[in-house]
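Asker: Chains Y and C supply the protein sequences, listed in that same order. The numbering of the first sequence is the numbering used here, which starts it at 1 and goes up by one. The numbering of the second sequence is the numbering used here, which starts it at 1 and goes up by one.
No lab work stands behind these hints, which were simulated from the structure alone. Do not rely on the hints blindly, as some may be mistaken.
Cut-off 30 Å, straight-line C-alpha distance, at most; resulting in silico cross-link-like pairs (DSS-like, lysine-lysine) [claimed, not checked]:
no., chain 1, residue 1, chain 2, residue 2
1, Y, 24, Y, 68
2, C, 104, Y, 24
3, C, 68, Y, 68
4, C, 68, C, 104
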Amino acid sequence: DAGVIQSPRHEVTEMGQEVTLRCKPISGHNSLFWYRQTMMRGLELLIYFNNNVPIDDSGMPEDRFSAKMPNASFSTLKIQPSEPRDSAVYFCASSLERTDTQYFGPGTRLTVL
Amino acid sequence: KQEVTQIPAALSVPEGENLVLNCSFTDSAIYNLQWFRQDPGKGLTSLLLIQSSQREQTSGRLNASLDKSSGRSTLYIAASQPGDSATYLCAVSTGANSKLTFGKGITLSVRP
């Protein structure tokens, strides 16, 4: 299996622009997680889906952030409008069930100028 | 609110040394605890997962223990090698939705 796939790997954009991050989980996994990692705050869970349904989005920082999972093999995390403080590495992870081992993608490094 | 602490933030040891990485958490009502490894610029790789009913898990030179009542876990690395140099993160799964809360990690450097 190719593992969790994320795109793009790097994104540089200007403040105010819309950013869309993409994730393809491991085939057969029922749970998908979006995390953000910064030096100051470490790794934080933003949202997670179980069977394509958002279960917990309490980590989403504000209304500028939205996430969708239209089918079992694809998810997006959108930031609109982006701000410099959104600069971070965003990880997607998937697991068979929500309490099982999570497998992480390589991450998207986002820089908002 | 669950909080996970890993101290120290960084550790440097000579090759061949056996070492212990510590993790503590504030809420003992956990479902499981996981140890991850992160190499610079990379994603996280799961090393070991301990269910709340277990006390330890082993994989090769790695052994992780769990003491739920005291809110502690340790990751033991035997005969450390330069290839073990990475950041090691501990994460606990708690709450109705079993979401993971991560520590900030311990950056390990193994000197040849």
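Asker: Hints broken by the structure, by number, lowest first?
Answerer: 3
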